[in-house]
Amino acid sequence: MSRELLNTLFVQTPRSFLRLDGDTIKVEVGGEKRLQVPLLHITALILFGDVTVSSALMMRCAREDREITFLDFSGRFRCRVVGPASGNVLLRKAQFDAHACVDRTLAIARPIVAGMIKNTRQTLLRAGRETNDPMRAPILYAQAEQLAALLVSLPAAATIDAVRGLEGQAAACYFSVFGEMIVRRKVDFAFALRSRRPPRDRMNALLSFLYALLTTDCAAAVEGVGLDPQFGYLHTIRPGRPALALDLVEEFRSYLADRLALTLVNRKQIDPDHFDERPGGSVMLNEKGRKVVLAAYQERKKEEVAHPLLQSKSPLGLLPHLQARILARHLRGDLPCYLPFISR
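Position 196 of the sequence shown, counted from 1, bears residue number 247 in my numbering, the numbering being contiguous throughout.
It is worth saying that the hints were derived from the structure and are not from the lab.
A quick note: this is a predicted structure, and the numbers were derived from the prediction, not measured.
Each residue gets a CB set at the ideal place from its N, CA and C atoms; glycine is no exception.
Possibly wrong hints are sitting among the right ones.
[What the hints assert, rightly or not] The calculated DSS-like cross-link candidates involving lysine-lysine, where the alpha carbons are at most 27 Å apart (straight line), are:
no., residue 1, residue 2
1, Lys77, Lys319
2, Lys364, Lys352
3, Lys364, Lys339
4, Lys84, Lys339
5, Lys353, Lys342
6, Lys364, Lys353
7, Lys353, Lys339
8, Lys77, Lys364
9, Lys342, Lys352
10, Lys339, Lys319
[As the list claims (entries may be wrong)] Per label pair, the in silico range of CB-to-CB distance:
no., residue 1, residue 2, range
11, Tyr192, Met110, 27 to 35 Å
12, Val140, Tyr192, 48 to 56 Å
13, Gln320, Pro189, 23 to 31 Å
14, Glu79, Ala346, 18 to 26 Å
15, Ile211, Pro135, 57 to 65 Å
16, Leu373, Glu79, 45 to 53 Å
17, Ala346, Pro65, 16 to 24 Å
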């Protein structure tokens, strides 16, 4: 397996135009060239807001299995352009058959939630160990114990609704003390509760943007192994919703996104002027803020960690792809159970 992480091209400058120029992608704004990169160096394009693509470039990307993802300015998914489906039809049939079987659905959903609980608990324990505030550590450790209790209850969850209920309790427990992990600029980045549609404060805006990026990566990972990203096990199926990608996001949410958000705030790498307030009380990252977060996210994905099932380290950016392959092997019958990623 190649360990090389080829680049994703992010374009967020308003009214950018991307076109094909030989074997390169040329990015123009107002008729002026801003960037030109070889197609060979790009595996995916992620475009924010008012960005357009020539039909020639779009068809070339589709033909060469190079997907184009369109997001709005806040990072919310809008659509994805891909080529003809090339996944193994037998694998997708196994995916659908597993969903039709209650026991198999539970057998996949439970470890996903177990991974989510273990990784969020690890984030709290780590924050408790690293804090210099003697009042903060007991608060974080207490919620970590609550998560441990939920983890013990998980094997007895006999229905998918019960599993989802435990996942909801774990998320509520975790976010109830999330603000305790913000140690600097607590006024500027105050966090009371998780608000999503729309984000009501800067920290929620930062989290939502990172979650949108992570969901895009997970959707690409499950599609890359031939699975249907909209046919999940933990998350309910709705038209246009990447349920399986969201299943995979649960394992990585705290490890990849939350820790990065806390790092950006606690190290003062992101500022209040990186956000704009919108009518109705919503808060969004502005262009300057998105640039900072995108650069940090790409650097984070280059970091290497030991995967529990591998003999060597792997870049963080490959973890969703590795987990998608593990799920595919389980669905094919090559693995007796799905094994989630557990952080250390």
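Outcome of the hint check:
At most 27 Å may separate the alpha-carbon atoms for a hinted pair to count; Lys77 and Lys319 exceed this at roughly 34 Å. Under the criterion of a C-alpha separation no larger than 27 Å, the hint pairing Lys364 with Lys352 is consistent with the structure, at around 13 Å. Annotation: proposed proximity of Lys364 to Lys339 is violated, straight-line Cα distance about 33 Å (limit 27 Å). At roughly 20 Å between alpha-carbon atoms, Lys84 and Lys339 fall within 27 Å of each other, so this suggested pair holds.
At roughly 17 Å between alpha-carbon atoms, Lys353 and Lys342 fall within 27 Å of each other, so this suggested pair holds. Taking the CA atoms of Lys364 and Lys353, the gap is near 11 Å; set against the 27 Å cutoff, the hint holds. Of the pairs offered as hints, the one joining Lys353 and Lys339 holds, with about 22 Å between alpha carbons and a cut-off of 27 Å not exceeded. Distance check on the hinted pair: Lys77 and Lys364 sit about 35 Å apart at the alpha-carbon level, beyond 27 Å; violated.
Our distance criterion of 27 Å between C-alpha atoms is met by Lys342 and Lys352, whose separation comes to about 16 Å. As the CA atoms of Lys339 and Lys319 are separated by approximately 15 Å, the hinted pair is consistent with the 27 Å bound. Taking the beta carbon of each, Tyr192 and Met110 are about 55 Å apart, not inside 27 to 35 Å as hinted. The supplied range of 48 to 56 Å is met by Val140 and Tyr192, whose beta-carbon atoms lie about 49 Å from each other.
Judged by the Cβ atoms, the range 23 to 31 Å given for Gln320 and Pro189 holds: they are separated by roughly 29 Å. Taking the beta carbon of each, Glu79 and Ala346 are about 22 Å apart, inside 18 to 26 Å as hinted. Distance hint check for Ile211 and Pro135: the Cβ-Cβ separation is about 33 Å, which falls outside the suggested range of 57 to 65 Å. Look at Leu373 against Glu79: about 37 Å separates their beta carbons, and that is not inside 45 to 53 Å.
Judged by the Cβ atoms, the range 16 to 24 Å given for Ala346 and Pro65 holds: they are separated by roughly 19 Å.
Going down the numbered hints, you'll see the structure goes against 1, 3, 8, 11, 15, 16, while the others check out.
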